[in-house]
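According to the numbering used here, the sequence shown is numbered sequentially starting from 1.
Be aware that a few hints might be false.
Said to hold, decoys possible - No farther apart than 16 Å at their CA atoms in a straight line, the calculated lysine to aspartate or glutamate pairs in the EDC-like style are these: (1) Lys54 / Asp126; (2) Lys120 / Glu162; (3) Lys28 / Asp80; (4) Lys17 / Asp80; (5) Lys13 / Asp23; (6) Lys102 / Asp23.
These are computed hints drawn from the structure, not numbers from a lab.
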Amino acid sequence: MSIIDNTAENLAKQVKKASPHVDEQIVKYYYTRVLNHLIFYLICVPLIILFNLKISSFIIVFMSYVLLRRCFGGSHMESDIGCLVLSVITMVGGTWVSNYIKPSIALIIAIYILTLIVVKWTGIVDSPKKRIVKLRAAFTRQGYFTIAFLSLTTLVLYYFDETRTMTSAAIVGVLIELISLIIGKIRYR
């Protein structure tokens, strides 16, 4: 068990003592997620500053990725530390890459058409450990709404963002999720 798991378990036991009616496993899962996110930000933000990247670009890459990821899933790592390392590399690397993309209306439309094609092919790529069974249709419907929302937001950003840094960051976040979906589809066939 990792340090994060041990810490989350100890915190969950303390919560269980204070409130015996709570489900200790759910509380442990919550604390595990919170601690993982906290560590992620504590690593990413200094790296963003160190590499002289824009925090706003990082946030947009991350948000566009997360909005799609929560609907369609994607590839999963075997361990929390593997997930953390890959997440830091892809989000900081994606922020760096977004500086070099010069988006156009044609590129934005092409990216979102590609997104629809990939999502139609992969469907929801859930974790082999935690299958989504009951809410699959709802997640898919919400996912298509999210794609429409992101595409419109990206087009609006394109018109109002003269430097195109926010637009390119949104595109990169979507591309990272598409790569994760494709890898997940191949890996979990």
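Tested hints:
1. For the hint pairing Lys54 with Asp126, the CA-to-CA distance comes to about 31 Å; that exceeds 16 Å, so the pair is violated.
2. At most 16 Å may separate the alpha-carbon atoms for a hinted pair to count; Lys120 and Glu162 exceed this at roughly 33 Å.
3. The hinted pair formed by Lys28 and Asp80 meets the criterion: a straight-line CA distance of about 14 Å does not exceed 16 Å.
4. Taking the CA atoms of Lys17 and Asp80, the gap is about 27 Å. The hint is violated against a cut of 16 Å.
5. Of the pairs offered as hints, the one joining Lys13 and Asp23 holds, with about 10 Å between alpha carbons and a cut-off of 16 Å not exceeded.
6. Under the criterion of a C-alpha separation no larger than 16 Å, the hint pairing Lys102 with Asp23 is inconsistent with the structure, at around 49 Å.
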